[in-house]
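Under the UniProt record's numbering, think of the first position of the sequence shown as 1, with each following residue one higher.
These aren't lab readings, by the way, just hints derived from the structure by calculation. There may be inaccurate statements among the hints.
To be verified - The calculated label-pair distances, taken between Cβ atoms and stated as ranges, are:
| no. | residue 1 | residue 2 | range |
| --- | --- | --- | --- |
| 1 | Leu50 | Ala218 | 16 to 26 Å |
| 2 | Arg57 | Leu270 | 46 to 56 Å |
| 3 | Pro146 | Ser201 | 26 to 36 Å |
| 4 | Val177 | Leu270 | 40 to 50 Å |
| 5 | Arg52 | Val148 | 39 to 49 Å |
| 6 | Ser61 | Arg109 | 21 to 31 Å |
| 7 | Arg208 | Trp122 | 45 to 55 Å |
| 8 | Thr206 | Val258 | 40 to 50 Å |
| 9 | His63 | Trp122 | 18 to 28 Å |
| 10 | Leu12 | Glu54 | 38 to 48 Å |
| 11 | Arg57 | Ala196 | 20 to 30 Å |
| 12 | Leu276 | His63 | 39 to 49 Å |
Model, not experiment: these values are computed from the prediction. Note that CB positions come from ideal geometry on N, CA and C, so glycine has one too.
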Amino acid sequence: MPSSVLFVVCVLIWGTTWFAILYQLDAIAPGAGVALRFALAALAMILWALWRGERLRFAASLHRWFALQGLAGFALAYWGVYEAERHVVTGLVAVGYAASPLLNMVLARWTLGTPLSRRVGWGGVAGVGGVAMIFWHEFARLSASPAVLTGAALTAAAVLMSSVSSLCAAHYHRQQVSGPAPLAWAMGYGAAFMTALSLASGELWTLRWSPAFGWSLAYLVLAGSVLAFGCYYALMQRIGPARAAYVGVSTPVVAMSVSYVAEGYRPDGLAMAGALLAVAGNVWALWPQKTVTPA
Numbered sequence: 001m002p003s004s005v006l007f008v009v010c011v012l013i014w015g016t017t018w019f020a021i022l023y024q025l026d027a028i029a030p031g032a033g034v035a036l037r038f039a040l041a042a043l044a045m046i047l048w049a050l051w052r053g054e055r056l057r058f059a060a061s062l063h064r065w066f067a068l069q070g071l072a073g074f075a076l077a078y079w080g081v082y083e084a085e086r087h088v089v090t091g092l093v094a095v096g097y098a099a100s101p102l103l104n105m106v107l108a109r110w111t112l113g114t115p116l117s118r119r120v121g122w123g124g125v126a127g128v129g130g131v132a133m134i135f136w137h138e139f140a141r142l143s144a145s146p147a148v149l150t151g152a153a154l155t156a157a158a159v160l161m162s163s164v165s166s167l168c169a170a171h172y173h174r175q176q177v178s179g180p181a182p183l184a185w186a187m188g189y190g191a192a193f194m195t196a197l198s199l200a201s202g203e204l205w206t207l208r209w210s211p212a213f214g215w216s217l218a219y220l221v222l223a224g225s226v227l228a229f230g231c232y233y234a235l236m237q238r239i240g241p242a243r244a245a246y247v248g249v250s251t252p253v254v255a256m257s258v259s260y261v262a263e264g265y266r267p268d269g270l271a272m273a274g275a276l277l278a279v280a281g282n283v284w285a286l287w288p289q290k291t292v293t294p295a
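Go ahead and model the full structure; you've got the sequences and the hints to work with.
Below you can see the structure in the form of structure tokens.
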């Protein structure tokens, strides 16, 4: 599958999962919801791996990376996002994730020795600025209260954990390990960690079942977890953690478009300009660079 298709699939899915998550938060505690989502996703990944004929047994040294990836990306990062949205507007969380390309680039340089890219850096700055413009009116309603500071700290922690998760995958990709099988283990570890954290925090594991909860959970598991993460890590293996993280810049633009159709949202000129700036940053960072062949 072409890299451009992998990128678009991730953006379209994660640009719509924000709405599915709303139906989860009304029916189940955040930690319990994250644990349930990734437990089911891990089972689906196992079935996918078996269907592809992949082996599910790996060396213990690889399981350390799977466990860290699960703890960081499929437990702490999602728990941080869910908890952050209890304290701050979703726009702040979106801007935090728009900074992922910059953070991934720095961490990849530090841990993997990946060269820094000026284009990725400036594209990331444009992306953060564009997403901030989209949600500027939400920021205007914020005040420097303890709740806002807590939400900002949780957002920063969630973005950092997402970057750590990506780098874990980059490490085992270098050992030619990829596909649904390692993701099944990582999601399984994440679900186990999240279950323990949820129970330790005293969350009530009660469920208010409804058809909306059922379809939203199915969408989050099959599309938002299995398909999207499968595509994302395949994309990351091809173009690197920093450039793949531009998915996080594009998803708010898609979410804004869906809200326009489904919820009657009408963006003003500033939001439209922000969307254009974010897209321009993506194009600048991801456009293939010309290489000069020596004569």
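Status of the hints after comparison with the structure:
1. Under the hint 16 to 26 Å, the C-beta atoms of Leu50 and Ala218, about 20 Å apart, fit the expected range.
2. The hinted range of 46 to 56 Å is satisfied by Arg57 and Leu270, whose Cβ atoms lie roughly 53 Å apart.
3. Under the hint 26 to 36 Å, the C-beta atoms of Pro146 and Ser201, about 19 Å apart, miss the expected range.
4. Remark: the range hint 40 to 50 Å for Val177 to Leu270 is upheld by a beta-carbon distance near 45 Å.
5. About 46 Å separates the C-beta atoms of Arg52 and Val148, a value consistent with the hinted range of 39 to 49 Å.
6. Evaluation of the 21 to 31 Å hint for Ser61 and Arg109 yields a pass: the beta carbon distance comes to about 24 Å.
7. Checking the proposed 45 to 55 Å range against Arg208 and Trp122 shows it holds: the Cβ atoms sit about 47 Å from each other.
8. The given range of 40 to 50 Å is broken by Thr206 and Val258, whose C-beta atoms sit roughly 30 Å from each other.
9. At roughly 38 Å, the beta carbons of His63 and Trp122 sit outside the given window of 18 to 28 Å.
10. Here the CB-CB span from Leu12 to Glu54 is close to 26 Å, at odds with the stated 38 to 48 Å.
11. The hinted window of 20 to 30 Å between Arg57 and Ala196 holds, with their beta carbons roughly 24 Å apart.
12. A hinted range of 39 to 49 Å for the beta carbons of Leu276 and His63 is consistent with their spacing of about 44 Å.
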